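K.L.:
Given the coordinates of chain H, assemble chains P, L and R with the ligands onto it according to the supplied hints.
From first to last, the protein sequence lines stand for chains H, P, L and R. Position in the first sequence counted from 1, then plus 270, gives you the numbering used here. Position in the second sequence counted from 1, then plus 270, gives you the numbering used here. Position in the third sequence counted from 1, then plus 1, gives you the numbering used here. Position in the fourth sequence counted from 1, then plus 1, gives you the numbering used here.
Just so you know, these hints were derived from the structure itself, not from any lab. It is possible that some hints are incorrect.
[Unchecked claim] Per the computed footprint, the stretches of chain L lying under chain P, defined by three or more beta-carbons under 8 Å from a beta-carbon of chain P, are:
1. 90 to 103
2. 106 to 113
3. 119 to 132
4. 174 to 185
5. 218 to 227
6. 239 to 248
As the structure is a computational prediction, the values presented were derived from the model and not from experiment. Glycine included, C-beta positions come from ideal geometry on N, C-alpha and C.
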Amino acid sequence: MSVVARFEVRYTQYLDERGRALGPLPEFARDPRALVPAYRAMVLMRALDAKAIALQRTGRMGTYASTLGKEAIDAGCGAVLEKDDVVLPSYRESGVLFLRGVAPHRVFLYWGGDERGNVFPESPRDFPFCVPIATQLAHAVGVAYAIRLRGERRAALAFAGDGATSKGDFHEALNAAGVWCLPLVVLVVNNQYAISMPRRRQTAAETLAQKAIAAGIACEQVDGNDAIAVRDVVGRALARARAGDGPTLVEALTYRLSDHTTADDASRYRSAEELAEAWKREPVARLRAWLAANGAWTKEDEVALERECAARAEAAAKAYLETPPPDPEQMFRHLYAQLPAAYRWQRAAACGEATEDACA
Amino acid sequence: MSVVARFEVRYTQYLDERGRALGPLPEFARDPRALVPAYRAMVLMRALDAKAIALQRTGRMGTYASTLGKEAIDAGCGAVLEKDDVVLPSYRESGVLFLRGVAPHRVFLYWGGDERGNVFPESPRDFPFCVPIATQLAHAVGVAYAIRLRGERRAALAFAGDGATSKGDFHEALNAAGVWCLPLVVLVVNNQYAISMPRRRQTAAETLAQKAIAAGIACEQVDGNDAIAVRDVVGRALARARAGDGPTLVEALTYRLSDHTTADDASRYRSAEELAEAWKREPVARLRAWLAANGAWTKEDEVALERECAARAEAAAKAYLETPPPDPEQMFRHLYAQLPAAYRWQRAAACGEATEDACA
Amino acid sequence: MPALNLVEAVNRALARAMEDDPRVVVLGEDVGVNGGVFRATVGLLERFGPERVVDTPLSEALIAGMAIGMAAEGLRPVVEIQFAGFAYATLDQILNHAGRLRHRTQGRLSCPMVMRMPCGACIRAPEHHSESPEAIFAHVPGIRVVAPSSPARAYGLLLAAIADPDPVVFLEPARLYRLWREEVADDGAPLALDRAFVLREGSDLTLVSWGAMVYETLSAADALAREGVRAEVIDVATLKPLDEETILASVAKTGRCVVVTEAPRTCSFASEVAAVLAGRGLTSLLAPVERVTGWDTVTPLARLEARYMPDVPRILAAARRALAYR
Amino acid sequence: MPALNLVEAVNRALARAMEDDPRVVVLGEDVGVNGGVFRATVGLLERFGPERVVDTPLSEALIAGMAIGMAAEGLRPVVEIQFAGFAYATLDQILNHAGRLRHRTQGRLSCPMVMRMPCGACIRAPEHHSESPEAIFAHVPGIRVVAPSSPARAYGLLLAAIADPDPVVFLEPARLYRLWREEVADDGAPLALDRAFVLREGSDLTLVSWGAMVYETLSAADALAREGVRAEVIDVATLKPLDEETILASVAKTGRCVVVTEAPRTCSFASEVAAVLAGRGLTSLLAPVERVTGWDTVTPLARLEARYMPDVPRILAAARRALAYR
Ligand SMILES: Cc1ncc(C[n+]2csc(CCOP(=O)(O)OP(=O)(O)O)c2C)c(N)n1
Ligand SMILES: Cc1ncc(C[n+]2csc(CCOP(=O)(O)OP(=O)(O)O)c2C)c(N)n1
Ligand SMILES: [Mg+2]
Ligand SMILES: [Mg+2]
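One chain only, chain H, in its complex shape (with noise of 0.2 Å):
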């Protein structure tokens, strides 16, 4: 018997639990004032995330899917993609699209059930958010195809919960993406559920961050609840994609705070207690301490943007809740192209325009 191969996976982690370094930091966070726009990201997250719980609560929006204690993760990698990387978000990245300069009402009317939370005029390449588990991965797959085709240095970026890395898309493209040494970064949100499933009983694998091995590809294992760490490894990959070297998993260990939707009780399935330990870790905390230990920021500062954020979420709802509602014709308006004639009757009735004739 002999070993034929020997595989490892790294974890990285700058800040302590209670956001002291805990050795060397990479060099961008040489001047703590660099992680500023971070950490205004993150609470301007976390501002738009309560008010989108509130208009779900009183009934203004549809089932939604919070991203309270991941905004670590949306703001490492929010600061390290480029204009013209694209980004294949599952669910929850509002956080990263709104630091790609997506508009929030977008979000909110994604939620309220209207396909126009999907048009991001800013940031026109990246894709839509994606409901059936790990099926964007395969999408990711072919954009990097698609970059490496034509010799871009661009990246792409897809996002997948660990509860999505039991799906076969998520391995089909790992695979595929080794295979053709795609420009791709996956970063699994392993946020330790899947509505009620733990991460343990999820895979018996000692991490996510290895699954990667079986796809001959680059892992990396970081806390997803540290925005330095996540910064690094994330823009790490992300480089090393861009020059052709290769794509990485990178699994990002941080904790759903949240239930899984509004219309989840998490409360059935785990303990206050794990709880309230999750708490310890969260990410907005973390970094508010090591910012302000470093003195790049204070109590003022922390006022003047609660209030900023605040107006921000009131000024998103506003301009969601007065988007006129959609008309019928939106249903047919991007079905084609340009609509089948087949299909005019259809559009026709449906805008009250004609009756539905089975003889017509």
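P.N.:
Quick look at chains P, L and R with the ligands alone, frame taken from chain H:
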């Protein structure tokens, strides 16, 4: 940065290409005569394979998938399967099925285009041949789950090709087997090709065995042209499975010495030199050399065996060719446990007992 | 007799089947401690334990394929797919295996499994949560397709599906899950799997539907009754095999037929019903068969779904056209 | 003008499209050095290189999903699925994404891809190599479904499919791949994607089919002609959107219609055609619409497939019933 997980893939081989022991052999091989039945089975497989190809070439059988080169895998597995285990083959495991007691003419019937080829009275719980790649692995999970649920000391052994490791189904099955610690062994027959796709372009993974790491289950790589190694590795994996110690992925390295099927022409995509090299490692001569060198096999034995196998192949062909053609009712007989009344007219029409009348 | 809503009736049937037959296992995403996202499996984990009430990894193709393996090995798996929109990944297993295992092995192995899923729109759910894939499943040889439209029928049909020796796809109308309650005797009595239900007798017009659309269709029949039109209402319920006789007998009486489905029109199950009428029913037809269907569009998100769905006005308009036709 | 068989015409159209449009890429299993298991892509690797003629890993769902990503990023992917029986794993991507990307993003992203696959039985192939899934695809909103039945139509329709800005499922009748040759001008001229072909004019009876069954249907029409019956033969060719007008115009003339498909009967595309006739065509019908279809069974293996397939005698029997009906 810290290392949070480490893995390795081990490789087992006992006999070198010329059939010389590389070191101490496993217990069961201490008496070389114990390997004679495996050798005899391997030679029979080759005779049946040649007969099937002859039948196809002479227009008396449909497309056929040759087993040439994988005899050590089939014989090694056949030797360690217990009666109550369940085999889930792909389309290339007729060798294993022969060792399960399945009459060779059934296999000819299958490739001859008759569903009765999947009736295995001798081995009634084994699954039929499976063409849609990797789909049988999900079935294997269900079988293994049922075994575990009832607390039985049995195992499922499922086969798949190197190409199959790219299918999502493969990963979903391994992952689930890990989650429930199922009595399942998945044997990947790495014959270096999926039709024209060479192994190295199927995946960037250094080994196929390492794909088990994604699922957090045990894995082993074995020389699939070494019947002793296959028997050893698969035997131990099945024993662990039956004992409740969980699933194993075994990658058996071999080479497809034939075209993909009789409908394929491998010379389009691989060189004669490569094929000639592969023949040097083929399993039958290797085991024969070892048996002969250890006094367990003689030229006379070989001559007698050749004659016996030729006769058995001839008998199988005869049984196949003499099987009366199926009657059209076979389409309906086992469509449901009992044919719903709504489809009875179709059966009657198919059997020429009634007209198809839209106004019946 | 307890008054149950539809999802409670499903739950009751599951519990009953698990109690009566130790081979029955329930599996799917979140079916255990969470009791299913619609609570169809609530309480089962506590009563029957985690080995028989199986929370699966997030892998629909695996779930369907695993059920096939379980069924072949002698269990009676009842799968829950969380929403019909996530069942497409199971089609490979259902088409290539579940419906074929018995035939492929000429009766040696079989596949007594049930695959349940909530279907249909107008529950204000997110994207991909509003699908009506019955026509796709009804095209698959070797399986049965069932769609209940009331608590009592859900109970009796689900018990029958679980007891059936062949694979059954069981499509539950999510919109009706909690819409009303009715008395359901927990008597373990199955309903026939090949008989349509005549919910209301009438001689002027035949209205045919299934699943959530039955509810809309009954409301339309009420409205017609107020105008003095006696509409016969048929709940197909067992889509495959289709009980053509009940529909043909009704149309022989009425001569006029409206078929209602919320699925996209082209190649919908409404087309199958209409095709039967164009063939065996032609001599009865006094008016064109009206199909009131979802448009050939993507089911829109919540803000527009009411404009996608067949509703009482659309059914009434079709009924009036059929009645007026000479 | 070269005389090409159907698979050569497909090959020619692929080469032409790749030459005319650098965005076109071909991908699938064994499409590169092997030239495809049916040789539809032969020669493309040599001419256009491995970056544009892409051998993929064995992962159908990935192939379909990847094409969606490529299309959204501005390429024009043409996927080959090796056999239709292996396309079921792509349905999730086709249903949930390909047909929806444009709508979901309200025109921001689109999905100009083609998914080609050989379909149909009677090529004496192994299990799962004989499927006819057109009805499933035709039910999917937002896509087009095309099925050529001659070399020239394969050439023109495939070019049109590749040029079309929306996803097209392109179903190639494997049985016709090498059955005959005809002159096909390699002129890059696309055919319309929403027009049925009237292959033969007649006034006594309308025969409707598509794909490989067109061949069988034309033979039946020949036999009828020998008896003095003038059958109109329509090749639907573009199944979605369906050209209802051509069929209705024909039946308005003939009053009698036989629809032929080798797919299982229930919820087949033949049902859709019959449903159109039961609705808009009812007034024209002088006889019940005959559906001559595959049985509602698994397509049997080679020894029995001839007993499964619609053939000339079955089509003739149906035609005679329709003609005799008073
Ligand atoms: C294919 C598929 N199956 C089931 C669902 C229903 N569903 C929505 S979210 C979810 C859990 C996803 O968990 P995870 O991947 O960890 O992402 P998270 O929600 O935690 O961000 C499930 C099962 C779905 N959307 N898609
Ligand atoms: C899902 C699916 N896709 C495609 C095919 C067509 N096909 C048959 S065998 C084969 C290659 C399989 O390669 P591998 O898994 O290595 O098995 P081998 O034939 O080498 O034993 C392919 C692509 C299939 N049978 N199933
Ligand atoms: Mg999660
Ligand atoms: Mg292989």
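K.L.:
Taking a Cβ-to-Cβ distance below 8 Å as contact, does the stretch 174 to 185 of chain L have at least three residues touching chain P?
P.N.:
Our answer is that it is violated, as 0 residues pass the Cβ test (under 8 Å) against chain P, missing three.
K.L.:
Are three or more residues of the stretch 119 to 132 of chain L within 8 Å, CB to CB, of chain P?
P.N.:
violated (count 0)
K.L.:
Are there three or more residues in the stretch 218 to 227 of chain L whose C-beta lies closer than 8 Å to some C-beta of chain P?
P.N.:
violated (count 0)
K.L.:
Do three or more residues of the stretch 239 to 248 of chain L come closer than 8 Å to chain P, measuring C-beta to C-beta?
P.N.:
The restraint on the stretch 239 to 248 of chain L holds, since 4 of its residues have a Cβ under 8 Å from chain P and three suffice.
K.L.:
Verify the coverage statement for the stretch 90 to 103 of chain L against chain P, using a C-beta to C-beta distance below 8 Å and requiring 3 or more qualifying residues.
P.N.:
As far as the stretch 90 to 103 of chain L goes, the hint holds, because 6 residues have Cβ atoms under 8 Å from chain P.
K.L.:
Quick one: see if chain P covers the stretch 106 to 113 of chain L, three-plus residues with Cβ-Cβ under 8 Å.
P.N.:
It holds, with 6 qualifying residues against the three required.
Of the hints listed earlier, those the structure fails to meet are numbers 3, 4, 5, in rising order.
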